[in-house]
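Add chain B to chain A, keeping to what the hints say.
Taken in sequence, the protein lines are chains A and B. Going by this note's numbering, -1 is the number at position 3 of the first sequence; the sequence numbering is gapless. Going by this note's numbering, 1055 is the number at position 52 of the second sequence; the sequence numbering is gapless.
Take these hints with a grain of salt, some might be off.
Covered stretches of chain B, as calculated for chain A (at least 3 residues, CB under 8 Å) [as the list claims (entries may be wrong)]: (1) 1012 to 1022; (2) 1044 to 1057; (3) 1087 to 1093.
Below, a list of computed lysine-lysine pairs in the DSSO-like style, where the Cα atoms sit at most 30 Å apart [as the list claims (entries may be wrong)]: (4) B:K1034 <-> A:K(-2); (5) A:K(-2) <-> A:K86; (6) B:K1034 <-> A:K86.
FYI, nobody ran anything at the bench for these hints, they're computed from the structure. Computed from a prediction, not measured in an experiment: that's the story for all the values here. No residue lacks a Cβ here, since even glycine has one placed at the ideal position from N, Cα and C.
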Amino acid sequence: MKYTLIDGENGAVTVRIEGQLDAITVSDIRPLFDQLTERRPRMVTLDLSALRLIDSSGVGAIVSLFKRVRSDNGDFHVRGASGQPLAIFKLLRLDRVFSL
Amino acid sequence: MQRASTVILLRFQSDLRYRNLVLRATQAAAKLVGQGDHPVFDDEVVAACSEAFNNIAVHAYPETPGEVEIQIEVHEDAVTIRMLDHGRSYELDDQPDPDLESLPESGLGIFIIKSFMDQVIYRPGAPNLLEMTKRIVSRPEQAATV
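With the rest of the complex left out, here is chain A:
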């Protein structure tokens, strides 16, 4: 798993996640999510166009991030999910939550 954080304008942040977000790699990205929420960004976009596989651990980390961003009145978007990650999001009805 590889991630890239891109600071945009007006407090917007994009996080691009590549590869697998799962029980092994989720511990690598949780600190990033923690740091991100401490900054109280106005908008967070997860770019999952290069995410190949996600499991329930990865979903848990994303949902946790979503809740924290929204509790600080930030906007949260997910874009680019396809294949196995999109199948998981649809099953868990997160496609509606994330407007996929």
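Leaving out everything else, chain B in the frame of chain A:
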């Protein structure tokens, strides 16, 4: 279900680092089922197997890795995956389906397995057996027996 045309056997330790081996074998097996491409079928089988192996690595053997045997049967119209372990057992139906409206952050693994596979059987014992079958034309006949 037709007689299995291919059987893949894997045996290794329940370390999460080996999970990709399971998923690659499972994905390759899923692609052999039926005619033509069926990416949704493949994705759902891989997702279920991912959660099943996580459960063994994290819950069946919580302290030190133990042996896992995986049998993948490819049929003309279905794939069956069996995972056998000698770790802690559980009851498949103990965990209620999650309340998805509350956006749960955990407790989703078994729900994903049951939702994506057509038939799920768990038999605790020595070894514990989890058997998951998915047919190329899904039928709502999910079953859980102990």
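Taking the hints in turn, this is what the structure says about them:
1. 1012 to 1022: Our answer is that it holds, as 3 residues pass the Cβ test (under 8 Å) against chain A, meeting three.
2. 1044 to 1057: holds (count 7)
3. 1087 to 1093: Violated, because only 0 residues of the region 1087 to 1093 of chain B bring their Cβ atoms closer than 8 Å to Cβ atoms of chain A.
4. B:K1034 <-> A:K(-2): holds (27 Å)
5. A:K(-2) <-> A:K86: holds (24 Å)
6. B:K1034 <-> A:K86: holds (22 Å)
Consistency note: the structure conflicts with earlier hint 3 alone.
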